[in-house]
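**Q** Okay, here's what each chain looks like letter by letter:
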Amino acid sequence: MTIRSFVSIARRTRFAPLVLPFVLFGVRPVAQDSLQLSDGRFVLDKRMSVVDDGVVVHFEHGDVKVPKALVKACTSSGTAEKDDWTPDERAKLDKGLVPFEGKWVPKDRRDKELERRRAQREERIAKSRDLREWRNHAVLKTKNFEFHFTIDPDVMEGYAELMETYFREFTREWGITKPPKVDRLKVCFFHDEEYFHQVGGASEGVIGYYRFVEPRELNFFYDRLDQDMTVDVMFHETNHYLTHLIDLKFHYPPWVNESLAEYYGASQWDPEAKKMTIGNLQEGRLAVIQDAIKSDEWQGLEDLIRIEHGQFNALHYAWGWSFVHFLLSNPRYSKGFKSFYMALAREKSVKRVPYFYDLKQVEADEQIRVLKASLRVDDLATLEKEWHDYVKGMQAASHRGYTQAGHIALARGMPIKAQRLFKTAIEMGATDPRAHYGYGRALEQKGKRDEALAQYDRAIAIDPLEGMFYVRKAECLGRGDDKTNEKEIERLFALAEEIAPDAYDVMLAKAMWQFRGK
Amino acid sequence: MQFRFVSSLVASLVVTAPFVLGALSPCVGQDAKGFYVNEDLGFRVKVPEEWSEIPVRIDENWIVSKFLSKKTWLSKSKDWNEEHRPLMTVIVFTADATRFKGWAQQQRGNTTFTRITDLPYRDYQDYLKRNLTNGYFFQVEETGESAGTKLHRFEILQHKRDPAKRLLAWVFHGEDMDVAVEFEVLEDRIDRLRAVCEQSLASFRFDEGGKLRSKGPSTGPADAALADSKLWTEFRDEWKKAPRKERHRVRKDVEERRFEKLRETTPASWTITESKHFLVISHADPKTTKRMTDSIETFRAWCNETLGELTDEYVRRGVLRICADDAEYMAYFKGSGDSWTFSSDEDREIVTYKDGYAGSSGLGAGELFDDILEMYLADLDPLLLMYTPSWLRAGMVDYVTAANIKGNELDFRVDDYEREELKELERAGKLKTLRELMTLDEEAYWKEVSTGRRTRSQLTNAFRFLIGPARSQPQLKHFLWNYLTVVIAVADEHRKKSEAEPIKVDKAPETEEEEEARAKKRNKDDSWQKKRRAIHEAVSEKALTFDAKTWERLENAYQKFARN
Numbered sequence: 001m002t003i004r005s006f007v008s009i010a011r012r013t014r015f016a017p018l019v020l021p022f023v024l025f026g027v028r029p030v031a032q033d034s035l036q037l038s039d040g041r042f043v044l045d046k047r048m049s050v051v052d053d054g055v056v057v058h059f060e061h062g063d064v065k066v067p068k069a070l071v072k073a074c075t076s077s078g079t080a081e082k083d084d085w086t087p088d089e090r091a092k093l094d095k096g097l098v099p100f101e102g103k104w105v106p107k108d109r110r111d112k113e114l115e116r117r118r119a120q121r122e123e124r125i126a127k128s129r130d131l132r133e134w135r136n137h138a139v140l141k142t143k144n145f146e147f148h149f150t151i152d153p154d155v156m157e158g159y160a161e162l163m164e165t166y167f168r169e170f171t172r173e174w175g176i177t178k179p180p181k182v183d184r185l186k187v188c189f190f191h192d193e194e195y196f197h198q199v200g201g202a203s204e205g206v207i208g209y210y211r212f213v214e215p216r217e218l219n220f221f222y223d224r225l226d227q228d229m230t231v232d233v234m235f236h237e238t239n240h241y242l243t244h245l246i247d248l249k250f251h252y253p254p255w256v257n258e259s260l261a262e263y264y265g266a267s268q269w270d271p272e273a274k275k276m277t278i279g280n281l282q283e284g285r286l287a288v289i290q291d292a293i294k295s296d297e298w299q300g301l302e303d304l305i306r307i308e309h310g311q312f313n314a315l316h317y318a319w320g321w322s323f324v325h326f327l328l329s330n331p332r333y334s335k336g337f338k339s340f341y342m343a344l345a346r347e348k349s350v351k352r353v354p355y356f357y358d359l360k361q362v363e364a365d366e367q368i369r370v371l372k373a374s375l376r377v378d379d380l381a382t383l384e385k386e387w388h389d390y391v392k393g394m395q396a397a398s399h400r401g402y403t404q405a406g407h408i409a410l411a412r413g414m415p416i417k418a419q420r421l422f423k424t425a426i427e428m429g430a431t432d433p434r435a436h437y438g439y440g441r442a443l444e445q446k447g448k449r450d451e452a453l454a455q456y457d458r459a460i461a462i463d464p465l466e467g468m469f470y471v472r473k474a475e476c477l478g479r480g481d482d483k484t485n486e487k488e489i490e491r492l493f494a495l496a497e498e499i500a501p502d503a504y505d506v507m508l509a510k511a512m513w514q515f516r517g518k
Numbered sequence: 001m002q003f004r005f006v007s008s009l010v011a012s013l014v015v016t017a018p019f020v021l022g023a024l025s026p027c028v029g030q031d032a033k034g035f036y037v038n039e040d041l042g043f044r045v046k047v048p049e050e051w052s053e054i055p056v057r058i059d060e061n062w063i064v065s066k067f068l069s070k071k072t073w074l075s076k077s078k079d080w081n082e083e084h085r086p087l088m089t090v091i092v093f094t095a096d097a098t099r100f101k102g103w104a105q106q107q108r109g110n111t112t113f114t115r116i117t118d119l120p121y122r123d124y125q126d127y128l129k130r131n132l133t134n135g136y137f138f139q140v141e142e143t144g145e146s147a148g149t150k151l152h153r154f155e156i157l158q159h160k161r162d163p164a165k166r167l168l169a170w171v172f173h174g175e176d177m178d179v180a181v182e183f184e185v186l187e188d189r190i191d192r193l194r195a196v197c198e199q200s201l202a203s204f205r206f207d208e209g210g211k212l213r214s215k216g217p218s219t220g221p222a223d224a225a226l227a228d229s230k231l232w233t234e235f236r237d238e239w240k241k242a243p244r245k246e247r248h249r250v251r252k253d254v255e256e257r258r259f260e261k262l263r264e265t266t267p268a269s270w271t272i273t274e275s276k277h278f279l280v281i282s283h284a285d286p287k288t289t290k291r292m293t294d295s296i297e298t299f300r301a302w303c304n305e306t307l308g309e310l311t312d313e314y315v316r317r318g319v320l321r322i323c324a325d326d327a328e329y330m331a332y333f334k335g336s337g338d339s340w341t342f343s344s345d346e347d348r349e350i351v352t353y354k355d356g357y358a359g360s361s362g363l364g365a366g367e368l369f370d371d372i373l374e375m376y377l378a379d380l381d382p383l384l385l386m387y388t389p390s391w392l393r394a395g396m397v398d399y400v401t402a403a404n405i406k407g408n409e410l411d412f413r414v415d416d417y418e419r420e421e422l423k424e425l426e427r428a429g430k431l432k433t434l435r436e437l438m439t440l441d442e443e444a445y446w447k448e449v450s451t452g453r454r455t456r457s458q459l460t461n462a463f464r465f466l467i468g469p470a471r472s473q474p475q476l477k478h479f480l481w482n483y484l485t486v487v488i489a490v491a492d493e494h495r496k497k498s499e500a501e502p503i504k505v506d507k508a509p510e511t512e513e514e515e516e517a518r519a520k521k522r523n524k525d526d527s528w529q530k531k532r533r534a535i536h537e538a539v540s541e542k543a544l545t546f547d548a549k550t551w552e553r554l555e556n557a558y559q560k561f562a563r564n
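From first to last, the protein sequence lines are chains A and B. Numbered as in this note's numbering, the first sequence ends at 518 without a single skipped number. Numbered as in this note's numbering, the second sequence ends at 564 without a single skipped number.
Listed next, the stretches of chain B that the computed footprint assigns to chain A, with coverage defined by at least 3 CB atoms under 8 Å from CB atoms of chain A:
#1 95 to 106
#2 135 to 142
#3 516 to 523
If you're looking for bench data, these hints aren't it; they were derived computationally from the structure. No residue lacks a Cβ here, since even glycine has one placed at the ideal position from N, Cα and C.
For reference, chain A alone in the conformation it holds in the complex (with noise of 0.2 Å):
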């Protein structure tokens, strides 16, 4: 089981849903009402009516449905009114009595009930909004961590715990011992990836990071819309802190260093059998790699170890990886690999060298020398076409590989490729909205007009608060020679906007499109 269902588990068992199912009769839904997601996100301030299947928002613009499975509380119970009464239920209704959970009760008594239940439901959502500010975040500590989160805590519990078993297991493997001195680490969790750049300081393009001097944190963030990518961060950079556990005053080349954490990085958790299973694909990685050997460039193994410091970038990340996977996955050489790490570290006979402040390192020569004596090998070229035949037979296998590598593949302008990916991740049972969103973009950019706008409705029925969606959707009804949309599109760009009143892209694509429009 992975930690998307555990995740789901928790939703389930540890709160009782706060969105009333039931249908009620006369009672007209409340102007403003508020809207939590479990996904961490919240709408205010807009009317809204509680259906069977979810919450319908009633935008300016548009009515937009939030299906159940996103809903996690909301303030308003209101919906339509009945109007086919039994002449028994008049007479009720004459007496001033209303329907209310199977009986009939005063009108004053039912109204009073919900907007009691209403303020109830309006306070914890306030709460919970409140905590996604950094000023009010939450605390929790375990025996190795402390945490320091704007996330639903339900979802931080299942972190911590999570964590917690990487540290043990991890440690024990390796056969690392936290030094004495050592407090816990400070972890710090943000509810989204804005406010984690925001906050947390990291620049674009990085998704977390782990400070290595004083004070030592570890800063990631919350990805609603992958939950894998969330732990696979987590797994990632923790593993810096826990390699830094080695020797506090050693640096790591980064070609280790970083590739060892990626590898990590795939673990899977199964939160039933509390059981970290490693050795997993970085599918999006091994996408990488492959569209690299299409274009027949390889990786030299040497080069790979002789990248410096702040050099080493995506295309060296899905390498390395690579390279790790195929030692450790290995029995001739997983040992050897794994005496090679500690040995840069702590082994007396490895000569290291000044890094930075009071931090040492090996510099390539060295580290060459003892990569080839830990793995007993005479050379690096046979070690290399070894790893690269074990490369060639990797597969992805999943449909999230087959939905970053479609991303990937549209983002190098290959339209065809990419629908191909994305069909057959749709097809493996994928359910990231993204995956109908990226199809929509590959059909569309083949002239497939109506198959990209089918997609763009699935990406919208699964989450209809992604305002870009809409954007799409109002593009590629503009497309062709039928004028007969205007009025839709123009509706569709306003709606965009109500939802997503503060994203920059949204507001471009308007612009750019009345641009042309004129």
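Chain A is fixed; fit chain B onto it per the hints.
**A** Okay, now just chain B, sitting in the frame of chain A:
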């Protein structure tokens, strides 16, 4: 920035559209009671005592005033002294400025120019989001009222800065504008500074409830479509067709308008003087101001002598701004992030400050010369900045930067680094030949300098030779002038050829295999590197037309020079 042509540009270079600079003119200075009064926008706020006004850059779009504390505070939390002087900033968001207009259009002659405008800041929070780095959060966020004006109170903790800083800001909501008054202080000194900041904040008043007069002033991004400097960069051919007199007049007009704006917006405590080639705006003492002015005039005279008449363009006069100290210098540069992209080609300002460590020895004067040289070359011909080979640019820049002023003369002294590194190269047997240095292409140059400074030191030394002893060789008497003339000719030819090339549109792939083939081809596309190499080879071929004997003489002379 995008341009759309409705019709071709007529060679009419009269500036028809009103010249637009970013923000409106702030009403500078403080009144007798110590209030900063902005009469244009209609508000006032008391400035803490003895805080000095910092000029606002004339391209600034949102900030209307800044004041810097004279007192320096030391952070308590560091092992070593970390100094900070609190800064007060006033930022204005008018209703019109915060509205995203989408695009701007401007007519010049028969041509309509259209530009997608920058996304304006919507409010103070958005401004912070797009300007603050290093990590921050809102410690306090509440509504309130002061003297009948509704406001928001913010305290922003920049907890990832080292040392941490706090911003105290009140945003006053007027009918047509929001005015943010912000104080930046050390976090561990907030206890001592809060009262003085809040006293100032509480003094804020709108004159007319924050109402703008109809068609009144505004802040926000420039809504012009075309900066004047585009005339001679983007529309070179048409520009060159215009008579010299006309081209000079246009540039002088641009220059004078900027000077006028600078004069209007400079606080009274700063002095403004004019030398032959510079407008000098100074907050330093007269002796320092004169010394620095004389230095840059001396260097400018060298530029005229060495490069003058390379083209027939008018080289604009520059602006020298001398801040009192480094804190004032840093405060001057603090601005809203979107302010300089539009008209940065027109900015001819060099900013420095009185550096107590350098004293009046004339050392360090060279720090200004690099910028002056760059502006000079840009005005001679913008192609010089883009196409002068790096081997020459690097040598030239380091040569002038290391210069000092001795009396009234430029002393192009040899930098200690240069001397030491040449010795190291000689010891290692790695001194390059002159020809190797002069034919170093861009790829080779960047590869060399990425591994260390030594190649760069040798390039500086080679430049020193070429502009010095090498001139005794008849073919090199006017080496620099001749070489740069060739650069312009080759670059212009390349530009025309590129513009005339038809745009190739590949047939859209119809299968995955065709897509893969196209992606592979694009990955391996090194056409721009080939073009760059071709330009470099053309320049070398046309500029370095020395026969074998001349090369031999030069090499011998250079090797002796380099070893001395």
